[in-house]
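Residue numbers (my numbering), protein chains in the order written: chain A, 1045 to 1141; chain B, -13 to 560; chain C, 961 to 1066.
To be clear, the hints were calculated from the coordinates, so they are not data collected in a lab.
Just so we're clear, the structure is a prediction, and the values are computed from it rather than from any experiment.
All residues carry an ideal CB built from backbone N, CA and C; glycine is no exception.
One or more of the hints may lead you astray.
[What the hints assert, rightly or not] Selected chain B positions facing chain C (in silico; Cβ < 7 Å):
{"#": "1", "residue": "T220"}
{"#": "2", "residue": "M222"}
{"#": "3", "residue": "A331"}
[Said to hold, decoys possible] Okay, derived cross-link-like pairs now, DMTMM-like style, lysine to aspartate or glutamate, Cα gap no bigger than 25 Å in a straight line:
{"#": "4", "chain 1": "B", "residue 1": "K190", "chain 2": "A", "residue 2": "E1073"}
{"#": "5", "chain 1": "B", "residue 1": "K177", "chain 2": "B", "residue 2": "D383"}
{"#": "6", "chain 1": "B", "residue 1": "K178", "chain 2": "A", "residue 2": "E1069"}
{"#": "7", "chain 1": "B", "residue 1": "K177", "chain 2": "A", "residue 2": "E1069"}
{"#": "8", "chain 1": "B", "residue 1": "K325", "chain 2": "B", "residue 2": "E272"}
{"#": "9", "chain 1": "B", "residue 1": "K190", "chain 2": "A", "residue 2": "E1135"}
{"#": "10", "chain 1": "B", "residue 1": "K178", "chain 2": "A", "residue 2": "E1135"}
{"#": "11", "chain 1": "B", "residue 1": "K190", "chain 2": "A", "residue 2": "E1069"}
{"#": "12", "chain 1": "B", "residue 1": "K190", "chain 2": "B", "residue 2": "E477"}
{"#": "13", "chain 1": "B", "residue 1": "K325", "chain 2": "A", "residue 2": "E1073"}
{"#": "14", "chain 1": "B", "residue 1": "K178", "chain 2": "A", "residue 2": "E1073"}
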Amino acid sequence: MTPAWHLLMFTLCLGAFAALALGMERPQETLLQRPLGVAASRAWRLAGWGLLAAALWLALAAPGWTRGLVALSGHTSAAAALVLLALVLRERWGATR
Amino acid sequence: MSKTPTKAKAQAAPRGIRQTMSDLHIWTGLLAGWILYAMFLTGTVSYFREEISRYMRPELPAAQALPDAGQTAERVAASILRQAPGTPQMRITLPTPRNPTASAFWRLPADGQPGAEAGARRRRGGGAFGEGLFDAATAERLHARATTGGDFFFRFHFNLHYMPPLWGRWIAGLCAMFMLVAIVSGVITHKKIFIDFFTFRWGKGQRSWLDAHNALSVFGLPFHFMITWSGLITLMLMYMPWGLQSMAPPERAAVRAEMRSFIPPEQPAGRAAPLRPLADFVQQGEQRWGAGGVGAVQVNLAGDANARVIVTRQQAQRIATTPHYLVFDGTTGQMLQAKDASGPAATTQGVLYGLHLGRFADIVTRWLYFLVSLAGTAMVGTGLVLWTVKRRARLPDPDRPYFGFRLVERLNIAAIAGLSLGMAGMLWANRLLPLEMAQRAAWEVHAVFILWAAALAWALLRPAKRAWVELLWLAAAALALLPLLTALTTERPFWRSLMDGDWVFAGMELSLLALAALHAALAWRTQRHQPRQRPARKAADAPRRPAPVAPASVTPTPAEPVPALATLPAGESA
Amino acid sequence: MTSRTHAFHFDHARRLAAGVPTYMPLISRIVAALFGGYALGALTSVAALALPLAPSEAAFTGMLASFLVYAGAVVWVFAVRSATRAWLGLLAAALPLLAAWTAWGA
Chain A
1045 MTPAWHLLMF TLCLGAFAAL ALGMERPQET LLQRPLGVAA SRAWRLAGWG LLAAALWLAL
1105 AAPGWTRGLV ALSGHTSAAA ALVLLALVLR ERWGATR
Chain B
-13 MSKTPTKAKA QAAPRGIRQT MSDLHIWTGL LAGWILYAMF LTGTVSYFRE EISRYMRPEL
47 PAAQALPDAG QTAERVAASI LRQAPGTPQM RITLPTPRNP TASAFWRLPA DGQPGAEAGA
107 RRRRGGGAFG EGLFDAATAE RLHARATTGG DFFFRFHFNL HYMPPLWGRW IAGLCAMFML
167 VAIVSGVITH KKIFIDFFTF RWGKGQRSWL DAHNALSVFG LPFHFMITWS GLITLMLMYM
227 PWGLQSMAPP ERAAVRAEMR SFIPPEQPAG RAAPLRPLAD FVQQGEQRWG AGGVGAVQVN
287 LAGDANARVI VTRQQAQRIA TTPHYLVFDG TTGQMLQAKD ASGPAATTQG VLYGLHLGRF
347 ADIVTRWLYF LVSLAGTAMV GTGLVLWTVK RRARLPDPDR PYFGFRLVER LNIAAIAGLS
407 LGMAGMLWAN RLLPLEMAQR AAWEVHAVFI LWAAALAWAL LRPAKRAWVE LLWLAAAALA
467 LLPLLTALTT ERPFWRSLMD GDWVFAGMEL SLLALAALHA ALAWRTQRHQ PRQRPARKAA
527 DAPRRPAPVA PASVTPTPAE PVPALATLPA GESA
Chain C
961 MTSRTHAFHF DHARRLAAGV PTYMPLISRI VAALFGGYAL GALTSVAALA LPLAPSEAAF
1021 TGMLASFLVY AGAVVWVFAV RSATRAWLGL LAAALPLLAA WTAWGA
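Kindly produce the complete structure, drawing on both the sequences and the hints.
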């Protein structure tokens, strides 16, 4: 799997978790300072799951789908961590302002 | 998180499942935590074991283009046969991009015969064997400083040290079972563990440590579960031998045949017969498995009519570790056996084993393995610290905590900060110990434990918070100065590695600096931490405490969190 | 020590002095979890041989499952309401495994 594949995979996962986060109330308050409506939240979560599905497809389409799945697992973990870190830092910097 | 009733009420009301699972999680986590932390950290760095080994053998040349595998096998075999002509068995591991040196071991003829080496390594169970590193292009014997390299960390994480490997494996296995229970109980107790993932409360003392522990557990959950279960599986023949014991010997052999590719030599025929060129056999392997598909070549009874050549597949090519090999008659060249398929259950076991080892991983996947494993290490570390943070708030007299608390607190310092120091210390020893020193490799390892023990002593003698800060700063310095030490004591200073594009050395040193920065950040946060004013107690069995608490210099470890995702572990790594 | 510390330590001491009877259920559970759980896992690894698979396949299946059974048994032992139920549950799980093992050995 080429570096480009990995980059695409990571981007999909990052987008997915960012979208999932935007579909939840607490992160919405951190990032947007206001909760979005039920419909908007659901739309974001749907988008998040959709991106994860795309990532899964990319994993299975890789030459060696088992390696693709392993890489997917790693990328989802890393992406989730990064999104959480971004939220934590945003909240912290927001608080000290 | 758990809304526990007061002690008096708890004895009357039935405890819910989430509460009992929480207790189970805390106990299993605490009892196994210190050993698990060490297993996790040494296991984490083992994903770059080859790179660490090369970093610790600076005499070996940096990676070059690999010559033809078949030619390499022939040259190395010829070299071995010159030294040990009657050897009944030799195994040559071919060079790979990650490890561009050929290595081999060979059984030595009995003492008194040509090629026997006085003082050669003895395997358990008798039989001496020689081993060596060979230049891939010229097959000349390479000499590097005596060191166990990254292999020490790899073996430590399931054998431990200073004890028979069997004991170490039992202890590691028990801890792994505790971990498995901790994972299951942890998920049960935190029902909304995935939904709550994005909840993190900064600067809230115990809640922040808990949130950090939860986050680290959740985003790495697939890995943590896989690594624990697969870890047990790697030694399942030892932990659960009962099935095998109940089987007939041929069936038992069939099981073992699915887990290793060791082919013992036949009885020697006594007639001399020339061995066919090894390159032919390697080529057949590459035809079957692709370029670079051959990982090792084993030759039994070279020069005898009953010679066998076994060509083993490169492990990095596939995930499963089930054996794939070809057995040839060494004199006629005929293929006698081709093993490259296994049943589904055996393959499942092989896949799990392979996932644990991660040998198949490309560089990006390998870094993901490393980072998520590091998160797992931090998960264990934050869990241990959380235990003291949570209970410090409930201490009747924080200046005189009860024995259990003091014990956990001090062991935490030694297990976490002390281990980083010890692991960094091995690299220092690697650079500083005289090359001709007797038992040099063993002494590099002793350095790890000497420093670790010293850290424990320090943790016992100093006030707890001071001990944390001082040991973390020391570990940070030990890691940060390694590139400088390397520049001063070897021919591979970091500027040259960067200019030459030697990413093994450059990558290692950049990683060491990053880990040093991590330790420094932790030390700094811990040092600056001021425990907050104790809020009014709600617990009925504790009278109100006067506020504020004692100044930071006297109070033990911080109640405020250090950066949640800053990991506590260290040690060198790539 | 402050009077608060006295109270804290006295509480501990009183509970310990109440003696083994108070801790019996807990000890019983710990034994059930550590040893009973292992036994159940071991039994799983042997009972699996009765599966309609090639012997080596059955052996692998049993060993793979045994650790999960062990972990599950430990969680069970501490999840149920009493130590007695814990032991009963382990025995109940063991019976079909014993039956399978006996049938295979026959």
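Status of each hint after checking the structure:
1. T220: Violated: closest Cβ of chain C sits about 11 Å from B/T220, beyond 7 Å.
2. M222: Since chain C brings a Cβ to about 4 Å from B/M222, closer than 7 Å, the hint holds.
3. A331: 4 Å, holds
4. B/K190 with A/E1073: Holds, because 18 Å separates the two Cα atoms, which is no more than 25 Å.
5. B/K177 with B/D383: 34 Å, violated
6. B/K178 with A/E1069: Status holds; Cα separation ~15 Å.
7. B/K177 with A/E1069: 18 Å, holds
8. B/K325 with B/E272: 15 Å, holds
9. B/K190 with A/E1135: Holds, at about 13 Å.
10. B/K178 with A/E1135: Cα-Cα ~22 Å, so holds.
11. B/K190 with A/E1069: Satisfied, since the Cα-Cα distance of roughly 20 Å is no more than 25 Å.
12. B/K190 with B/E477: 49 Å, violated
13. B/K325 with A/E1073: 59 Å, violated
14. B/K178 with A/E1073: Within the cut-off at roughly 20 Å; holds.
Checked against the numbered hints above, the structure violates hints 1, 5, 12 and 13; every other hint is satisfied.
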